[in-house]
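*Asks:* Listed below are the residues making up each chain.
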Amino acid sequence: MSAIVECKHVVKRYGDIVAVNDVSLSIEEGEIFGLVGPNGAGKTTLIEMIESLRTPDSGSIRVLGLDPVKEADELHERIGVQLQTTSIQPNIKVQEAVKLFASLYRQPLENPEELLRTLSLEDKADSRFRKLSGGQKQRVAIALALVNNPAVLFFDEITTGLDPQARRNMWEIVKAIRAQGKTIFLTTHYMEEAEELCDRVGVIDYGQIIALDTPKNLVSSLGAESKVFFQVEDKDIAAAEFKGLLAVSRVEKVEDGFVLYTKDDNATLQELVRFADKQGFRLSNIRTEIPNLDDVFLALTGREMRE
Amino acid sequence: MRGLGHLAWNEFKLNLRDPLMVFWSIAFPALWLVFNAVIFKEPIPGSGYEGLNYASFLLPGAIGVVILSSSFVGVPLTLTTYRETAVLRRYRVTPVKTSTLVLSFSISQFAFVVVGILVLFVIGKIFFNVQILGSWLLFAGVTFLGMVTFLAIGSAVGSIARSFRAANIIIWTIFTPMLMLSELFLPISILPAWLQPIAKALPLTPINTILRDIVYGVPLEDLWRLGVLAGWVVIAGIIAVKFFRWE
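Taken in sequence, the protein lines are chains A and B.
Each residue of the first sequence is one higher than the one before, counting from 0 in numbering that gives the first Met the number 0.
Each residue of the second sequence is one higher than the one before, counting from 0 in numbering that gives the first Met the number 0.
Accuracy of the hints is not assured; some may be wrong.
If we take Cβ atoms under 7 Å as the criterion, some of the chain A residues that face chain B in the derived model are [said to hold, decoys possible]: (1) S86; (2) Q88; (3) N90; (4) Q94; (5) L103; (6) Q106; (7) L299; (8) E303.
Source of the hints: derived by calculation from the structure; they are not laboratory data.
Since the structure is predicted, the reported quantities are computational estimates derived from the model, not experimental observations.
Where a beta carbon is used, it is the ideal one built from N, C-alpha and C, also for glycine.
Okay, chain B solo, but in the shape it has when bound (with noise of 0.2 Å):
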């Protein structure tokens, strides 16, 4: 594990250099937060999430706009870019060893959404006085489940897209229609009957209808759903070693 932290505490920097990542995974989310927390102050009537504000509704979906466009989007790209640029080559001239420079970009994009995260705590309790009825350990633990499945699935499409478009073309196809389905401001009961098995497929689905559950401190019954992210994290791991290339 030679050069685990150098390589993590680099990886997190030039994150946070990128002013494409800064604002796709801090900035975006938060003003999503913010625009969607400002227009509609309470959640739609009826929908059964009435008890407390709109903000702390969408606290989860806003998590989840982090979590996507991080580890969805931002790790497919940046792989696909270190390939094309060679700079994974000239890794393997090192004694690096595999696990290592892996281990060390997980790392390094967990921080980065939990900076992504700790912007829209900050912004949710300032302005929003957003609340967790639950347990916040909970409510960590699930997001941690999550910023692992899209660290799979996002190494997944990196290592299946042979280039940076075709990683752009598959992430953008994916994200919007898992942006309306996984209930972040949309109730999965709106939507048309047949649409309602595909969007509790999803991998984001779980963790946010977890999440909200925390929010408004309902008894966690239906745990079991946890499991479309184990099989979703088994998939996209095996993908992603499978299909990995380093030029």
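Just chain A, with the same shape it has in the complex (with noise of 0.2 Å):
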């Protein structure tokens, strides 16, 4: 099967800044693969470069076969895109950004408005896109990526400034149109959500990717422990009597409890509740911390992903 995007050792500088440097990757059918970095990682102008809004310097993208760069006119007519900045006329009614769009398109989608429904937007169709909600707005950006009916689709940011309602719901929505067999092509800053959406992941940092699997593999690669929180109530005990408890590798005495640091969290915990039984102990804010791509971008980079 043949990749639907392929990226060779593509090169983008700007002056004296290599924005993204030497970076391949392909993108396999029906999968959703997220490109996750902090802001100016390069994840906007690598995506943009297979959209045909960047050239390249160096190196080679094929998208469904087409080069971005002779070929934009065919490439725009198969790829569906949300730009991060996307913005229409504040001015034009949802129902008339979609018409509209769809009519700048070989093949659009027979009826266009249906999108309006299955986005949930059906109500907003006669709003005015400027008295939309930020969801909203992602939303009619998701309805006009979709109206010719794409192979694969390009979403840049696109939770970013969404509440948490809001973003949850997005994720919805784009599970549901990789159901429909299209490939789905995203950068994120979020890396809980490029652990909730992606098949693969590649964590990309100063232009290059430095990490490139699955969300669990990454994760697991890390070898990283989890760690289990508690504080002790009404007695005085030693950090080394928590040594001895299933799967600990470490205990850590903190300000106002206890850390321990733990292959099998589930497997501590519950013997962290029999132990604390048979010492006549309580335990009270419990909370467990299990290793995520954060963790792993820490792990790459030394760095906080948020910074």
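Mind docking these for me? Both chains are given alone in their own frames, and the hints should help you get the complex.
*Replies:* Have a look at this one:
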């Protein structure tokens, strides 16, 4: 099976800055691929080269077998794009926008207005774009990206600026689009979004892909341990007492409690509860921290993702 | 040319929904005509324009104001806004051709100017009995030339100006002198001698003077003056294309 998107040694410079530095990746049919990294890492530059909005300095890109530099028109017939800074005319009505964009394509959907129903925008069909909430505007952007029934879609920071509920709603929409058999290439600087949505994730930093795998493999490749936090009430107890609990490798006394480092947070928690019963003390403020993509980024770069 | 009709019709509707566009391109010229026609009634004695009432004298000027407001003011402001808010960018990731966008934009602009001019005619006919003694067809033709000229100039300003604010500054520094010097209501002959060549070189002047000649049924001898327009169209067109930026 040939790749839907294929980048080979793609480079883009702006003056002395190398925005995208020798990026190679390939995206397979039907997957959600996420490009994650902090702001300024080169995500938008890369996705916009793939969309033919920018021209690479060197390297090659193919999208559906097409060259974005030489075959931009044909490419645009067949892809769907949501731009990070997209905006349409503030006074255009939602259904006007959808019909207008459909009219630009060789083979638009027969009933582009149907999209308003699937994206829960039918109440807003006659509303002007500027009157919409952030989440509604983003759903309009998705509707516009879908009017030509594209095989592959590009979403750039699709949930940035949305409240948590709108963000979850957007995740469901992205999943529903994939369920129709479409391929999705998205960028995000939210690690939890990448974990939730993406089949595979490319971590990009300073223009380079520093890791590329499924979220699960990326996390487990860290070999990182989970942390179990808790406090002990009504009893003085030494940190060493917890050392023997199942799967615990290390115990740390912190300001108001303890941290257990464990390879198996579930087993450790069960043991901990039993231990407390036996010793006759109460546990409080228990929480566990499972390694995630944020930790992957930290381990790879030595920096927090959001700084 | 796929999408041309949709694009043009949408732009036209959006212009009508923009209160500023409607005010400056439709209401303001009409008010200007009404205001002056009510106050002065007759052309300045001895100006050589006594044959018709003042509203008829003003009509070409009012049309000039419509063209100025919608093409010279409206086009660059819309263009810079579309660039700043990435509307143009969104079109770039569709298969629409640049020529289709430009043409649709022009059509909608022309349609908007026509609405403004029709409003002037309706008001002028009903309330002031404006008259055109010369050929209506010629009148329409020269008006169209004026629309094309200022669309080109407006596009050039929109291409040069890097931002909405810059466009605004450029527009208003040129707009006011042009209103004063292009014989919209002051005959060029009353201007100081050194200003007259400048006034005659302005693009609005030949449109206005020729339209006025048609209104008065004066035989058109000075059609070479339209050459000034051709010069403006060529220069503005080159600038508009050369400096055009999508973002």
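*Asks:* Please go over all the hints and tell whether each is borne out by the structure.
*Replies:* Hints and how they fare:
The criterion of a C-beta within 7 Å of any C-beta in chain B is met by S86 (chain A), whose closest approach is roughly 4 Å, and the hint holds. Given the 7 Å rule on beta carbons, the hint for Q88 (chain A) holds: about 5 Å separates it from the nearest Cβ of chain B. Interface hint at N90 (chain A): satisfied, since its Cβ lies 4 Å from the closest Cβ of chain B, which is below the 7 Å cut-off. Contact between Q94 (chain A) and chain B, as hinted, is not supported at the beta carbon level, the nearest pair being about 12 Å apart and thus beyond 7 Å.
Proximity of L103 (chain A) to chain B holds as hinted, the smallest CB-CB distance being about 4 Å (cut-off 7 Å). Because the closest C-beta pair between Q106 (chain A) and chain B is about 10 Å apart, greater than 7 Å, the hint is violated. Taking 7 Å as the C-beta cut-off, the interface hint given for L299 (chain A) is violated, the closest approach to chain B being about 32 Å. For E303 (chain A), the interface hint is violated, the least distance from its beta-carbon to any beta-carbon of chain B being 30 Å, above 7 Å.
The structure does not agree with the numbered hints 4, 6, 7 and 8 stated previously, though it agrees with the rest.
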